[in-house]
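The chain contents come next:
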Amino acid sequence: MRDLLPRGLICLVLALSLSACSRGESGASEPPGEFYRGKTVSIIVGSGAGGGFDTTARLVARHIGRHIPGNPTVIVVNMPGGGGLVAANHVYSAAPKDGTVIGLFHEAQVMNQLTGGEGVAFDLRHFNWLGSSYDDPNVCIVRSDAPAPAFKEMIGRGMPIAVGGTGPGSNTYDAPRVLAAATGANLKAVSGYPTTNDVRIGVERGEIHGMCLGWESVKSASGEWLADGYAKVFVQNGTTRHPDLSDVPLAMEFAKDETSRTLLRLVDAPGAMAKPFTLPPGVDSARVEIMRQALAATYRDAAFLDEARTMKLQFQPKDAAQIQEILNDVLATPPDVAAKYREIIQP
Amino acid sequence: MDVFFSALLQVLAPHTFGIMLVGIGVGLLVGILPGLGGAATLAMMLPFVYPMDAISAFAFLLGMHAVTATTGDITSVLFGIPGEATSAATVLDGYPMTRRGEGGRALGAVLFSSLVGALVGAAVLAISVPVIRPVVLQLGPPEFLMLTVLGLSFIVSLAGRNLLKGFIMAAFGFLLAMVGLDPQSSIQRFTFGQLYLWEGINVVPVVVGLFGGAEVLQLMMTRQSIAARRGDERLARVWQGVRDTLDHWWLTLRASAIGLGIGVIPGMGGAVSQFIAYAHAQHTSRQPETFGRGNVEGVIATGAVNNSREGGNLIPTVAFGIPGSISMAILLSVFLLKGLVPGPAMLTKNLDVTYAMVWIIVLSNIIAVAVSFLFLNQLVRLTYVRAVLLVPFLMVLTAFGAYTAHNSFADILLMLGATVVGVAAIRWDWPRAPLLLALVLGDIAERYLFLSYSLYEWRWLARPLVIAFAVVTVAGLVWPLVRGRRHATAPTVPRADVPITIGFLLVAVWVLYQASGWPFRTAVFPLATGGLLLAFAMAKLCAHPRVRRAGPLSEGSGGHVGRGSRPLSEETGRSPADEIDLPDVFATASRREWLSALAWMAAFFLLLWLVGALVAVPLFALVYLLTAARGSFVLAGTYAFASWLFIYALFDLALRVPLPQGALFS
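Here the protein sequences come in this chain order: A and B. Here the first sequence is numbered in this note's numbering, starting from 1 and rising by one per residue. Here the second sequence is numbered in this note's numbering, starting from 1 and rising by one per residue.
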């Protein structure tokens, strides 16, 4: 048996090289319309199964195939790590550039790129964006029995209002830090909760008074709190009041100076292009166009919208040009403001 | 009461019941197969519930989820390969029982105790939903912290006789838990610039390597079957396991209570509760020294805790709409999908749904255990075939099992690293369980310490429940001392302990050097742990006997956990300890056997990396069975084809699980 061993290994190597040779086909010459027939398109999601990104990806994956010529199979692959950083790097450089890989990772990576975060090996402006899913402004909620439930009262207050968050890089933590710095509101951002669900339970236990996060998440996960008056939205970020929240003040209205206004705009900017789908840079432009149209058609699809409604998801898509504009705008921030932002979110 | 039974009728309605059976079938499969986490499966199956009514939807998903934990224990017991982190402690005693030829009994015990655990969990879910809310709200970050401290105190018992070695392994595990981005400051700790390590070290690949990888390597070197002795094949052995569970009914109930208690608290992982129940079983056992070498009590406790936890997990989900785990978060989305509002309404308007969930847990567990019993004999027989025949299959189990963590080949590398640690631990008698426990708890301990401090500063120490947990912890540490010293026999000291300890010493020094440059909050845990590791390693070196080789190995057995080596017992085969001790292949294998096993293992994983699962698995099976196992061409060909069909049809086509694609093809 032992003298057979090396021969066995040689066989393995031989068979391996044979099988490697037999697979050397590439498909660049066929007409773009037929390319996707029989292919599998993967949506690479920058977070684990079960989260908001994953849910959106799976919902889109179930419907988008119908709108791509050739009706390919569409699957979801989870690639968590670094708040989407791993997936963004992967889609940017490692993933195949034939249009069969779609990326979906956290839009807040734009802040990571702006502040020169470690591990950023991409330029978001060079991706082939397909479209984003939601317009999701950041808002803060507070329990109605908190000592100072109105934003106005928090400014210059002695005792801080504690809002819980996961950690730096997440808007549950960064947003209240910037809010406090830009308006003088006495908000204390408590970081270290494992997930936003743990933050919610912290609010119920009463150890923190509230939390800041996207309006869509508030509606879907804490809608009951708002409906029965247990908690309320006390401030919203962004430049204009959200139609749902016409009586809630904008943080912008309390900004101390022009830099503060810029900082507030920055912290909210990614929310306008929440959950964006993209193709890697370098994909053939005809295929990019096919995918852009497919995504747009999916967002108009009646069956898709029905399903989204039962899941309490309300899509407010932005197209590639709008995403590009937001990215250009954010990434054109003067270096001194970016440095200031970075300093504020430092714990 | 009327609602309670009408809910049963609703679940038993032919349509709903049929859907539940499908769910159970999928759950059984997912539990046994590696490469499919419970949560990922739930997410994949979610679309199927859109057209269903609420109760059918839960019958499908909850039925599936409830049985995953049950069958997940089967691979732990039979092959020593835990499918998920929550089945790791089952390996500790279940696998040694299998090797002793008592696989049937171990499976009987783990399945039946799972069933009891599930029933207890469901019963408590049924009665506690109205009253649980205030109780859960009493437990905040400081209490979570104290629970982790309580869990950590069990390191002492998991280390057993080799107390210093146990502490060293635990400190090392703690350091592994520190790897990644510090959640407080986002500073990288011990990541070597690798993006993969930013998220920290995932427990699943570590568990699979530490236990499973090491076992596969062991099997490649042995000429025998997994079961070293051909046991009694009749089903009677299975009933023996059932009887064991009934005999230890009080332990079963206590373990179930532990699972429930920890399951109710959102934020505490499942692996924690299993180790706590296991250590508790050892604490209270009459034969604590046989734990880790096939004590059925260890199997019973780990089985019961797993399934009662599921009932516990559901409580905060139903009562608050706050999920305690990812799986529960997915179930919660079903609530929303079906227009149900978790919270008080589940006890009034939607009481039938709540009770239906209870019945679904009960029925699906009974069905799962009954189905498993039908196949038990076939499963156990697998452990009697020549081990080499199982090697390709088990290799796939370990590879796919690890790959679920991030769908990245780095998961497999991490698993292989853990395999090296596991092999070394077996060979030179270092306990593996403390390392794993510390890895699981380290991150939680640090997180909740700082969270408690940011919320309350030091006032958290004065909270009544914190004090209560502290008392329980101290009592648990003192109790074994009061009961008297368990074993006076000195542990054998392998010569390799010195270089290994020096290795740990160097790690400690490097950690201290690295951490000294970080800000206080980021550095304090690594510094403390590194300091402890340094101290333990020095103590170990000082305690090392000057004699070259500690005298003849005593046949007296010690109470250490993590199946260890007893080199002499195999050769003499006469000592009383032989009744429970198993041959240690790593100690007796020749250099050639080592080389051959390692070369095959390297070949498999290299192949997997180069050409992906669909080519590598059948190819390896074919060549390995023809040469190493000297099987006939028909056998090898059939095996290879079957493995290809299995992976292609089930993973690639039906379930669409991402598999390693192969570096050459991408």
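Keep in mind the hints are simulated off the structure, nothing from the lab. Where hints are given, some of them may not hold.
In the DSBU-like style, the derived pairs of lysine-lysine whose C-alpha atoms are separated by at most 35 Å in a straight line are [claimed, not checked]:
| # | chain 1 | residue 1 | chain 2 | residue 2 |
| --- | --- | --- | --- | --- |
| 1 | B | K338 | A | K256 |
| 2 | A | K312 | B | K338 |
| 3 | A | K219 | B | K338 |
All of these numbers come straight from a predicted model, not from anything done at the bench.
How the hints compare with the structure:
1. Annotation: proposed proximity of K338 (chain B) to K256 (chain A) is violated, straight-line Cα distance about 46 Å (limit 35 Å).
2. Straight-line distance between C-alpha atoms of K312 (chain A) and K338 (chain B) comes to about 11 Å, which keeps the hinted pair within the 35 Å bound.
3. With a C-alpha separation of about 16 Å, the suggested pair K219 (chain A) and K338 (chain B) falls inside the 35 Å cut-off, and the hint holds.
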